[in-house]
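**Student:** Chains as they are written, first to last, in the numbering used here: chain A, 1 to 384; chain B, 1 to 287.
Treat the hints with care, since some could be wrong.
[Stated by the list, open to error] Which chain A residues stay away from chain B? Per the calculated CB distances, all over 12 Å, these:
{"hint": "1", "residue": "Ala24"}
{"hint": "2", "residue": "Phe62"}
{"hint": "3", "residue": "Asp64"}
{"hint": "4", "residue": "Glu70"}
{"hint": "5", "residue": "Val184"}
{"hint": "6", "residue": "Gly325"}
{"hint": "7", "residue": "Pro343"}
[Said to hold, decoys possible] Restraint ranges, calculated between C-beta atoms of paired labels, are given here:
{"hint": "8", "chain 1": "A", "residue 1": "Asp309", "chain 2": "B", "residue 2": "Phe194", "range": "55 to 61 Å"}
{"hint": "9", "chain 1": "A", "residue 1": "Arg77", "chain 2": "B", "residue 2": "Phe177", "range": "19 to 25 Å"}
{"hint": "10", "chain 1": "B", "residue 1": "Pro84", "chain 2": "A", "residue 2": "Gln55", "range": "22 to 28 Å"}
{"hint": "11", "chain 1": "B", "residue 1": "Phe177", "chain 2": "A", "residue 2": "Leu276", "range": "48 to 54 Å"}
{"hint": "12", "chain 1": "B", "residue 1": "Pro190", "chain 2": "A", "residue 2": "Phe62", "range": "23 to 29 Å"}
{"hint": "13", "chain 1": "A", "residue 1": "Asp109", "chain 2": "B", "residue 2": "Phe177", "range": "31 to 37 Å"}
{"hint": "14", "chain 1": "B", "residue 1": "Gly140", "chain 2": "A", "residue 2": "Arg13", "range": "53 to 59 Å"}
{"hint": "15", "chain 1": "A", "residue 1": "Thr218", "chain 2": "B", "residue 2": "Phe177", "range": "35 to 41 Å"}
{"hint": "16", "chain 1": "B", "residue 1": "Ala92", "chain 2": "A", "residue 2": "Ile175", "range": "39 to 45 Å"}
{"hint": "17", "chain 1": "A", "residue 1": "Phe14", "chain 2": "B", "residue 2": "Phe112", "range": "41 to 47 Å"}
Quick caveat, the hints were computed from the structure, so don't treat them as lab data. Glycine is no exception: its CB is placed at the ideal position from the N, C-alpha and C atoms.
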Amino acid sequence: MGEHLEFRGVSKRFGAIQAVDDVALEIRKGEFFSLLGPSGCGKTTMLRIAAGFEQPDKGRIFLDGQDITELPPNKRRVNTIFQSYALFPHMTVRDNIAFGLSIAKRPPDEIEREVAAMLKMIQMEDQAGKKPEQLSGGQKQRVAVARALINRPAVLLLDEPLAALDLKLRQRMLIELDMIHDEVGITFLYVTHDQGEAMSLSDRIAVMDQGRVEQIGTPAEIYESPRTSFVAAFIGDTNFLEGEVTSIDGDYCAVRVAGFPDLSCFNDKGLQPGNLVYLSIRPEKIQISRDKPLLDSRQYNALPARVEDVIYLGSTTKYGVRAEGHRVQVMRQHFRFFLDEKPIRWKDDAWIWWHSDDAFMLERYSRGDEKLVGLPPEKVGETQ
Amino acid sequence: MKRRLQEALLTGPSFFWLLTFFLVPTLLVFFLAFRPADPYGGIGAGWTLETIKALGRSYYLAVGLRTLWVSLLTTAFSILLALPAGYAVARAPERHRKTLLMLIIVPFWTSFLIRIFAWRSLLHPEGLVKKFLMAVGLAGPQTSLLYNTGAVVLVMVYTFLPFAILPIYAAAEKFDFRLIEAARDLGARPLQSFLRVFLPGIRSGLLSAILVVFIPALGSYVVPDLVGGPGSEMLGNKIAQRVFVDRNLPHASALAVVLILAVVAPLIAIVLLRRKEKPGVILSEDA
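So that you can see chain A by itself, here it is in the shape it has in the complex (with noise of 0.2 Å):
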């Protein structure tokens, strides 16, 4: 396959503002490739110097091993679903999606075909006639893909194309965007700062943040394995503790947190004795009982905790303890909610347990550490 999307060494400057910092980038063909982060974190400049809106100060654009660097956007065979959609309002959603092959002086009957298959396609055919301001935000949205999707280009840029949709409009739209690229498969870059989104639909992420690439990644890798802790605490819920490496055991080390036995963890990042950490586990991963649970410490690491609060979610529970004044929040999971000898309640004393490999340590290297991990430990939890 090799790359077919290539952003080499890729850096843009507004006035005081790094939008882009020596971005290196390879989006394989047909791939479904999200740039997440928050905003301000340059992703949508990234899709604009694809697109030709912007011209990098630094660094390569390549399509197909061609560079594109110098192209104007009309000649690159990128197309772009705008974030406000940029339906023409002058004209008829048959005119917007005829847009890009009239400009092609192509001949009119095969116009008229091919509007009629992509109206087909997003099951617009009796709204053709419409103009854009009397179509819902959902049926903007198709015809905008519609209108890009026309010119069969080789990569389709998506500028949080959701995010103008309420949220029954949103899961809707994630599916038939998730159909679309099935069908046409061709390489979608989706630009967006949900990871919900991000997580659904995307064979891989890049997390960015501050005009740099944090990590990339499947889904799964970035949620399981974060390189880093803003990628931690960005995905999802985490609990950060602070720590220091004592001693290695095998694939496991010792990590000293204040107030807490030595907690054993899954090593894989080949850290040393002294290296300072964060320990970050995912509520999801943590246990929470009454008793304290008869395990092997080797591969489970248990502590006392005191019940803060219990926020009844329906299928989950959360709960925020204090274990040795440190905050953890714990999510679990209802199998068999009333068949529970008793429930954990408020201001009960309970044990929370985790496996070994369930936590991974992060160093403390990251840029944004300060602003995440400087937060007092009760707020950690609750940035999501």
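Since the structure of chain A is already known, use the hints to place chain B on it.
**Tutor:** Okay, now just chain B, sitting in the frame of chain A:
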């Protein structure tokens, strides 16, 4: 009931003003066109259609056509210049826009007449423009820059340009320029996206600009009088001659009626065009 009264009190003064100083004089002009003139410059007794019939002479047809032609040329050049200007101001960084608009408006601070006399001295056989054109070989000693239709159009475009820029700017400022990006993204070249997306997008501002140039241009009198020659007289000049030289008010009135009808016709056409587009939109909503 109270609201009605408030509305009447608020609109009353302007209604009264327009009635007294616009509608009544216009009706007077209409009536005068059907009265005979007396030899001393007054109005004779009775009614007559002779004056109206006199307008059928080919001489007037030529002046009328020239008025239309000069006004159309003025409108066309003004719009052609105002489009890029309005576009540029609307796309300029916001902190620069006020300055640019000021630069467009500043010439208004000098009297209209003084600016026309400035053009006269520029275009004069001994003037700067003539000398420059001769120096670069574009004009011979016999070329006249003044007292012809070209000079009239030039000075009229100069006069009306700001009026064309402002409504186009107002529409362009509200235009969503992401649409241009969308057009470029879909394969349009810069000019194509300008013609197929930007122009339709500022349609109402464009129509306003055409109106505010074309209508006053039809009634021009001062510009052709000062920089035009006998071959570039317009209807406005004829009306003035009938009043000041011939002292024939009915004749002047008849010409004025023709001019008024010529002005009202495109106005109605554009109002109808807009109504078809968006019901209930009033003429100069965004001018």
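**Student:** None of the hints should be skipped; say for each whether it holds.
**Tutor:** Evaluation of the provided hints:
1. Ala24: 24 Å, holds
2. Phe62: 19 Å, holds
3. Asp64: Given a closest Cβ separation of 18 Å, the condition holds.
4. Glu70: 15 Å, holds
5. Val184: The claim stands: Val184 of chain A keeps its Cβ more than 12 Å from every Cβ of chain B (closest is about 17 Å).
6. Gly325: Per Cβ check, Gly325 of chain A is outside 12 Å of chain B; nearest 51 Å; holds.
7. Pro343: Given that every Cβ of chain B is farther than 12 Å from that of Pro343 of chain A, nearest at about 53 Å, it holds.
8. A:Asp309 - B:Phe194: 55 to 61 Å: 60 Å, holds
9. A:Arg77 - B:Phe177: 19 to 25 Å: 24 Å, holds
10. B:Pro84 - A:Gln55: 22 to 28 Å: 23 Å, holds
11. B:Phe177 - A:Leu276: 48 to 54 Å: Given range 48 to 54 Å: holds, Cβ gap about 49 Å.
12. B:Pro190 - A:Phe62: 23 to 29 Å: Once the Cβ atoms are compared, 25 Å apart, the range 23 to 29 Å for Phe62 of chain A and Pro190 of chain B holds.
13. A:Asp109 - B:Phe177: 31 to 37 Å: 34 Å, holds
14. B:Gly140 - A:Arg13: 53 to 59 Å: 56 Å, holds
15. A:Thr218 - B:Phe177: 35 to 41 Å: 38 Å, holds
16. B:Ala92 - A:Ile175: 39 to 45 Å: Check passed, 44 Å falls within 39 to 45 Å.
17. A:Phe14 - B:Phe112: 41 to 47 Å: 45 Å, holds
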